[in-house]
Structure formats: C-alpha cells, structure tokens
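**Q** Sequence:
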Amino acid sequence: MSKFVLLLKQIILTIWFYIGFFGYVVIYGSLVLLISKIVKIISGEKKADVFLRKVVSKFGERSFKLMGINVIVKSDYDLNKLEDESYIIVANHQSLLDIPLIIGYVHPVGFIAKKELEKAPIISSYIKALGSVFIDRKNPSQAAKALRELKKKLNNGNKLALFPEGTRTLDGKVKPFKKGSLMIPYRYGIKIIPVSIDGTYQIIKKGDYFLKPHDVKIRIFEPINPKNFENEESLRDYIYQLLSKEVN
1 MSKFVLLLKQ IILTIWFYIG FFGYVVIYGS LVLLISKIVK IISGEKKADV
51 FLRKVVSKFG ERSFKLMGIN VIVKSDYDLN KLEDESYIIV ANHQSLLDIP
101 LIIGYVHPVG FIAKKELEKA PIISSYIKAL GSVFIDRKNP SQAAKALREL
151 KKKLNNGNKL ALFPEGTRTL DGKVKPFKKG SLMIPYRYGI KIIPVSIDGT
201 YQIIKKGDYF LKPHDVKIRI FEPINPKNFE NEESLRDYIY QLLSKEVN
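Each residue of the sequence shown is one higher than the last, beginning at 1 in our numbering.
What the hints contain is simulated information worked out from the structure, not anything from laboratory work.
Calculated pairs, DSSO-like style, for lysine-lysine (alpha carbon to alpha carbon, straight line, at most 27 Å):
hint, residue 1, residue 2
1, 178, 227
2, 54, 74
3, 217, 81
4, 138, 128
5, 152, 115
6, 153, 115
7, 217, 9
8, 191, 46
9, 9, 173
10, 74, 227
11, 191, 178
12, 151, 128
13, 245, 175
14, 191, 217
15, 212, 74
16, 46, 145
17, 212, 58
18, 138, 179
For clarity, every value in this text was computed on a predicted model and none was experimentally measured.
Throw the hints in and build the complete structure from the sequences for me.
**A** Here you go:
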C-alpha cells in the first residue's frame with residue numbers, strides 16, 4: 001500500500017470519526033438518554049435500565065463498524081452464564097476507544113473511574129447512566145462515600161469495569177497496575193473478568209487527534225475468583241502477567 005493511499009485512509013477515517021462523533025454520539029446518544037428517562041417514568045427504573053444497556057451495547061459495536069474497524073473477539077467464557085451475578089471487568093487501557101469497545105463487545109457496564117472522568121464532556125453522561133462510580137482518591141470522605149455506593153451496586157448484581165493501570169498507555173504495552181487497584185474485588189470477593197485490548201493504541205494514541213486504520217483484538221478470559229489469592233498484590237500481579245502476555 002502506497003504512503004499516499006495510507007494517508008488518504010487516515011484522513012478519511014479521522015474526518016469520519018469526528019463527524020460521526022457529533023452526529024452519532026451527541027445527537028443520537030442524547031435522544032437515547034431522553035427516551036430512557038421517559039421509559040423510566042412510564043415503566044419504571046428496571047425496564048429503563050434494560051432498554052438503555054441494550055441500545056448502548058449496539059451503539060458501542062456500531063461505532064467501530066461505522067469507522068470500518070475490524071474487531072476480532074476471542075472469548076474463553078460465555079458471560080451469559082453470569083447474568084444474575086455481579087462481576088468486575090479488569091482491562092488494560094490503550095485508548096479513549098476502550099470504553100465503547102468494552103460496552104459494545106464485552107458487556108454494557110458502568111465503570112469504576114477517577115473523579116476527573118465525571119467532568120468529561122458528553123461521554124460522562126452516558127457512563128453515568130450505566131451506573132458508573134467516580135472516585136476522588138484525593139478526597140477521603142468522597143472516596144469513602146463512593147465505595148459505599150459501589151458496594152451497594154455490587155450487592156445488587158451490577159457489573160462494572162475498571163482500568164487498573166490508572167491511565168492510558170504511552171507505548172501500547174500494559175503498564176504496571178496501580179497499588180490497591182484491585183482491592184475492591186479482592187475485599188468483597190467479586191469475580192473478575194480479565195479482558196485484554198490490543199490495537200486501539202495504534203488507532204489513536206494518547207494526545208493524538210489523527211486516527212489510523214488498524215484491527216483491534218480483544219480477549220475475554222475465564223472468571224477469576226479473588227478468594228483464591230493470598231492478597232491483593234498477588235491477584236494484581238497474576239492479572240497483570242495474564243494481560244501482558246496477550247498484548248506486549
């Protein structure tokens with residue numbers, strides 16, 4: 001493939017991404033949130049939640065299809081078997097595309113995220129609606145309140161996801177996990193679904209605004225029971241090694 005053709009593909013993908021971001025995410029997404037609120041008033045919170053997650057899952061999947069990005073999924077386990085159980089998806093973090101990737105190709109979950117993401121324009125509205133919990137580690141009282149909310153959600157069978165690296169990678173490789181990043185599933189004995197993401201870094205790196213076409217590979221591993229580990233550190237190291245072997 002010539003450099004000119006490759007450059008042309010990059011330009012088209014970038015333009016299409018930003019046009020689609022406004023048209024599909026902002027306009028369509030806002031309409032979905034509005035309909036969800038109407039369903040909640042008419043039929044109750046449970047039906048509104050089912051509606052929202054179904055639509056958002058399709059939204060995440062279509063986001064990649066509309067950009068012409070080929071997503072290859074390898075699943076070692078059928079997550080439908082855990083439909084009535086809570087679990088936490090633990091994934092490496094390569095790009096801002098990782099959130100719609102997980103929502104569309106793994107499960108339409110909320111996220112355990114740092115407080116700063118709550119202020120992110122547009123995207124924060126959607127992940128809030130999915131039941132995300134935002135934690136301000138610099139504010140002990142807020143963090144404690146968020147952890148209580150998180151425990152309540154997990155006790156009610158909610159599914160959530162987190163990125164234990166704490167931020168996006170700068171080189172595509174899996175960064176060492178933050179100390180204590182898996183303390184929540186370890187402390188509460190919540191099953192963990194490790195998920196490896198490879199390829200979104202090549203599409204759009206941290207700090208970049210120019211997209212490049214690239215395949216994305218995602219692997220859903222079998223559930224891990226934190227109770228089988230002596231401490232949070234050993235659990236953290238095990239999952240880090242698991243994802244690193246798949247990506248690095």
